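Novice: Taking the hints into account, I'd like the entire structure generated from these sequences.
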Amino acid sequence: MIESSSQPGRHDHLLSPQFLRKLEQAAIASKHILVGRTKGERRSARRGSSVEFADFRAYNPGDDLRYLDWNAFARLQRLFLKLFIEEEDLHVYMLIDASRSMDFGSPPHDRRASPSKLRWGQQAAAALSYIALCGGDRVQAFAHSGADGASSRLFRGRGAAPELFDWLAGQGAAGETGLVQAVRWLRAAAPAPGLTFLISDLLTPEWETALSQLAVTKGEACVLHVLTPDEFSPGARGDLRLIDSETIGQEQAPAQQCEVTMGASLLRRYTQERDRFLADVRATCNRYGFSYLFSLTDQPVEDVILKSLRKLQVIR
Amino acid sequence: MQWLAPLALIAFAPLAAAIVVLYLLKLRRRDFVVPSVFLWRRAVQDVQANAPFQKLRANLLLLLQLLALACLVAGLAGPYVMARRLGGKSSIIVLDASGSMKATDANGTRFEEGKRLAEQIVNGMGRRDEAAVLVCGDHAETAVSFSGDRGRLIAAIREAEATDCATDVRDGLLLAFSLAAKRPQTQIYLVSDGAFAPLPEIASSAEVHFLRVGRGNNNVALLAFEAAGQHGKSAQQLFVRLRNYSAERKRCVLSISHEDDLVRAAELDLAPGESHSETYELALAKPGLLKAEIEVDDDLASDNVCYTFAQPSSALKVLLVSPGNLFLEQALLVTPEVQVFKVATLSAREAAAAYRDYDAVIFDRVAPAVAPETGAVMLIGASLANVAALGTEITAPTITSWEDRHPALRYVNLGAIQLAKARRLTPGPGAVVLARVNEAPVIVARDTPGLRAVAFGWDFLDSDLPLRVSFPVLLSNTIQWLAQSAGGATTRRARPGDILRFGAPPGVDSGIVRLPSGQCARVSAADSAFTIANSTEVGPYSLRAGDRSWRWAVDLRSEAESNIKPADEVKLGHREVKAGTGPPKVEQHLWPMLVGIALLVLFAEWHVYHRRY
Chain L
9 MIESSSQPGR
19 HDHLLSPQFL
29 RKLEQAAIAS
39 KHILVGRTKG
49 ERRSARRGSS
59 VEFADFRAYN
69 PGDDLRYLDW
79 NAFARLQRLF
89 LKLFIEEEDL
99 HVYMLIDASR
109 SMDFGSPPHD
119 RRASPSKLRW
129 GQQAAAALSY
139 IALCGGDRVQ
149 AFAHSGADGA
159 SSRLFRGRGA
169 APELFDWLAG
179 QGAAGETGLV
189 QAVRWLRAAA
199 PAPGLTFLIS
209 DLLTPEWETA
219 LSQLAVTKGE
229 ACVLHVLTPD
239 EFSPGARGDL
249 RLIDSETIGQ
259 EQAPAQQCEV
269 TMGASLLRRY
279 TQERDRFLAD
289 VRATCNRYGF
299 SYLFSLTDQP
309 VEDVILKSLR
319 KLQVIR
Chain V
35 MQWLAPLALI
45 AFAPLAAAIV
55 VLYLLKLRRR
65 DFVVPSVFLW
75 RRAVQDVQAN
85 APFQKLRANL
95 LLLLQLLALA
105 CLVAGLAGPY
115 VMARRLGGKS
125 SIIVLDASGS
135 MKATDANGTR
145 FEEGKRLAEQ
155 IVNGMGRRDE
165 AAVLVCGDHA
175 ETAVSFSGDR
185 GRLIAAIREA
195 EATDCATDVR
205 DGLLLAFSLA
215 AKRPQTQIYL
225 VSDGAFAPLP
235 EIASSAEVHF
245 LRVGRGNNNV
255 ALLAFEAAGQ
265 HGKSAQQLFV
275 RLRNYSAERK
285 RCVLSISHED
295 DLVRAAELDL
305 APGESHSETY
315 ELALAKPGLL
325 KAEIEVDDDL
335 ASDNVCYTFA
345 QPSSALKVLL
355 VSPGNLFLEQ
365 ALLVTPEVQV
375 FKVATLSARE
385 AAAAYRDYDA
395 VIFDRVAPAV
405 APETGAVMLI
415 GASLANVAAL
425 GTEITAPTIT
435 SWEDRHPALR
445 YVNLGAIQLA
455 KARRLTPGPG
465 AVVLARVNEA
475 PVIVARDTPG
485 LRAVAFGWDF
495 LDSDLPLRVS
505 FPVLLSNTIQ
515 WLAQSAGGAT
525 TRRARPGDIL
535 RFGAPPGVDS
545 GIVRLPSGQC
555 ARVSAADSAF
565 TIANSTEVGP
575 YSLRAGDRSW
585 RWAVDLRSEA
595 ESNIKPADEV
605 KLGHREVKAG
615 TGPPKVEQHL
625 WPMLVGIALL
635 VLFAEWHVYH
645 RRY
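First to last, the protein sequences are chains L and V.
The number in the working numbering is simply the position in the first sequence, starting from 1, with 8 added.
The number in the working numbering is simply the position in the second sequence, starting from 1, with 34 added.
Since the hints were derived computationally from the structure, they do not count as laboratory data.
Keep in mind that this is a model prediction, so the values were computed, not measured.
Ideal placement from N, C-alpha and C gives every residue a C-beta, glycine not left out.
Check before you lean on any hint, since a few could be wrong.
[Unchecked claim] Here are some chain V residues the structure puts well away from chain L; computed CB gaps all over 10 angstroms:
1) Ala-42
2) Ile-188
3) Ala-194
4) Arg-283
5) Gly-358
6) Pro-540
7) Ser-551
8) Ser-576
[What the hints assert, rightly or not] Pairwise CB distance ranges (calculated):
9) Tyr-114/V / Thr-279/L: 51 to 59 angstroms
10) Gly-154/L / Arg-63/V: 23 to 31 angstroms
11) Gln-79/V / Thr-217/L: 38 to 46 angstroms
12) Arg-645/V / Pro-199/L: 56 to 64 angstroms
13) Gln-79/V / Arg-290/L: 16 to 24 angstroms
14) Arg-645/V / Asn-294/L: 34 to 42 angstroms
15) Tyr-57/V / Tyr-296/L: 44 to 52 angstroms
16) Leu-41/V / Thr-279/L: 51 to 59 angstroms
17) Gln-79/V / Gly-154/L: 20 to 28 angstroms
18) Arg-645/V / Arg-324/L: 50 to 58 angstroms
19) Gln-79/V / Arg-324/L: 42 to 50 angstroms
20) Gln-79/V / Trp-193/L: 25 to 33 angstroms
Specialist: Written as structure tokens, this is what we have:
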């Protein structure tokens, strides 16, 4: 159980203690054997010093004599060295979209009250990070928006969870969505191939490019696609001038706008575009071999992590 | 279309301009911050791809609003049209179904055109209007009493049929006036060609509209066809008169046939308006039906045929019972085919024998000792209980009306007779009035099975009748008619609509009537007589009952009906009603329709607006 630090941290409200206890029972499931940096609890492609026998090879002068197979020598009169599977750790990367569009949720008075997408993403990232830390994996978080980004140190071990949670909770939303740049930054900054969790609303024309960039990045990826209930089913009506939240206050260009008259006809068309967008994203992720999960922010993170991701075999 | 308040139309311009300005003004939109317009733009792009249609839809709303405004403004201006509608709440349609209405100078016959006009009148009824339909053929008949059921009225109009009868519009109008008296502001529509005599005695406060049908006077008619046997000879003398009423020369072929055998034919050339007579002498082996027919291109066919019966030539035995009347005796002597016997008095026993033995018995100022049960009697200034009784004296009498269609009074002008004095007659049972002095009967006739009688209410010597040309004609007609007693005569001539009575043989109570069309109908006897009241079609008829048979022929022979020129006006009482070609036009306001259209347009605009959003 994570004990709160002396100073009440911003992570105190990210995940509940009960949820954390459930997360301790889970583990990140990696589809492939990835090369780690340090000794961990995952099978590695390399040969190491675990107790699990992997293979033989001929003895070369200088090899450790403790690994000679005397039974083979007795039979074959030749010296063979036993090889064992190396157990290494997994690098888990949390790439969170911290653009201004993620800072939208339902207003408190709304009966469909739900956290903002950023908050939801922070909670999901915290939960996945905790699972990875409990499993001996390394976790590094990235938050990106526009041309700016922030990255945490590489965390390892359960004891690092509070600091990681603080870091996640401390990220605010600002700027436009810059997913392509974020992925490139991740590729450059990541110390080793690993499993990347991309948490974003993907509401950008370059979403497909970003995913293609993610596909060429070594490692696996899981896309958590999140929208608010109001984005899924808009409730506004009337003659509106929709203003893009990410472009407000720009000095170089006015905010992007879209004049609409909310009515049944337009809502029908919006629903069709939304469904088409979600289907395109799912198809692209499938094509690239990513795990894909779509969720609304009114769905509890606990259910998403423990049930939905378990169904996708991202968590076990 | 006309307008009650045309200035209201001016309001359309500023109001329409205001609507257009509102459309031109930029629509105020509420700013609404969304996370991203990414999906919204994709959704709106689809709309913008159909931008021309969207513009059209926006323009459609504008157009609908302008259209609704136009309808409302137009309604305020009070438009109306003059439409042919019934003017009053109650209307009476009097449909002339006389013989002249069969003329074919309309779209079909005049009667068919009249029925179409009547249907137009019914279709112009308002929701709460009522109408009645009267059909005037041989008599006036109420086809439909006041009803608001258009279907029923139109059905009655379509069922009506024209007859060959003379026009009886007088009775129809009197009936219409009596119906109108119970309903104020009733309009009367007389649908006719106006081919009838003025009706000065008809007066009413009801508004009468004369809707004329028919156009021309293209008609050649047979007006007279008589056959007379010559005493002592088998030959028959035939007299034919015809007249060209049209305004152009007419060629026609006159053919005379005896029992369907053509016996004479002649081609005639008639000048416009010419009246032409022809006489023929025919040697006929036997009596029978004679038919005169003209083949001519005219608009009325029913007056192109006439019938008469060739009778065997034999003198009539007439007994004159008179104290002395030189004029009467001389007139009887010169009456053809009449053999006169004269006595001064007649006892009861002698009278009974005379009734049986003579073709006619004339009582001149002598009261019969006994009333006849059968026979033929003429009474001049005498009473007979079962014919007519002499009443009070009439001072300064002048005969004002008479039945010129009665066989006894044909070709006799009684109005010119100067009477010194006369006495009112009280008709006996079964007797009918043939002439009146104002309202007082002065000539009465009785025609019952076995008995015919004519009574005159004045002494001929108390008038200048014996000095007139009409006198021998009157005597000849009366004697001829008397001689053809109802029980005995087997042939007869009649006009359409005449009521005929034939004495039924003892023990026979039904007979078969054969119509001109060849159809047969059964008739039943009542009071020992067959009453035929539906001889409205021109042609020969026959009745067979038991071992007796009768024949009669119906033809038009009417100057009034054959002169088919439509009248420009009709005189009713003191009024002259001008002819019209349709129901009078009344204002029909259009604003309710415009308001309804405006509501529909507004509903459509609401629907388009909501479908858009």
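Novice: Against chain L, does Ala-42/V hold up as non-interface, every C-beta pair farther apart than 10 angstroms?
Specialist: Since the minimum Cβ distance to chain L is about 35 angstroms, Ala-42/V lies beyond 10 angstroms and the statement holds.
Novice: Using the Cβ atoms, figure out if Tyr-57/V sits within 44 to 52 angstroms of Tyr-296/L.
Specialist: At 51 angstroms between Cβs, range holds.
Novice: Going by Cβ atoms, does Pro-540/V stay more than 10 angstroms from chain L at every point?
Specialist: It holds; Pro-540/V is separated from chain L by about 97 angstroms at its closest Cβ, greater than 10 angstroms.
Novice: Looking only at beta-carbon atoms, does the pair Gln-79/V, Gly-154/L fall within the given range of 20 to 28 angstroms?
Specialist: At 25 angstroms between Cβs, range holds.
Novice: Using the C-beta atoms of Leu-41/V and Thr-279/L, is the stated range 51 to 59 angstroms upheld?
Specialist: Given range 51 to 59 angstroms: holds, Cβ gap about 54 angstroms.
Novice: Please settle this one: Ser-551/V was flagged as non-interface, so is its CB more than 10 angstroms from every CB on chain L?
Specialist: Given a closest Cβ separation of 74 angstroms, the condition holds.
Novice: Within 50 to 58 angstroms or not, the Cβ separation of Arg-645/V and Arg-324/L?
Specialist: Given a distance of about 52 angstroms, which is inside 50 to 58 angstroms, the answer is holds.
Novice: Would the non-interface assignment of Ser-576/V survive a Cβ cutoff of 10 angstroms against chain L?
Specialist: Nearest chain L Cβ is 86 angstroms from Ser-576/V, so the label holds.
Novice: Find the nearest Cβ of chain L to the Cβ of Arg-283/V and say whether that gap is larger than 10 angstroms.
Specialist: Non-interface label on Arg-283/V holds, nearest chain L Cβ at 82 angstroms vs cutoff 10 angstroms.
Novice: In this structure, is the beta-carbon distance linking Tyr-114/V and Thr-279/L contained in 51 to 59 angstroms?
Specialist: 54 angstroms, holds
Novice: Would you say the C-beta atoms of Gln-79/V and Trp-193/L sit inside 25 to 33 angstroms of each other?
Specialist: Given about 31 angstroms between the Cβ atoms, the range holds.
Novice: Between Gln-79/V and Thr-217/L, is the Cβ distance one that fits in 38 to 46 angstroms?
Specialist: 20 angstroms, violated
This entry does not satisfy hint 11, going by the numbered hints stated previously; all others are met.
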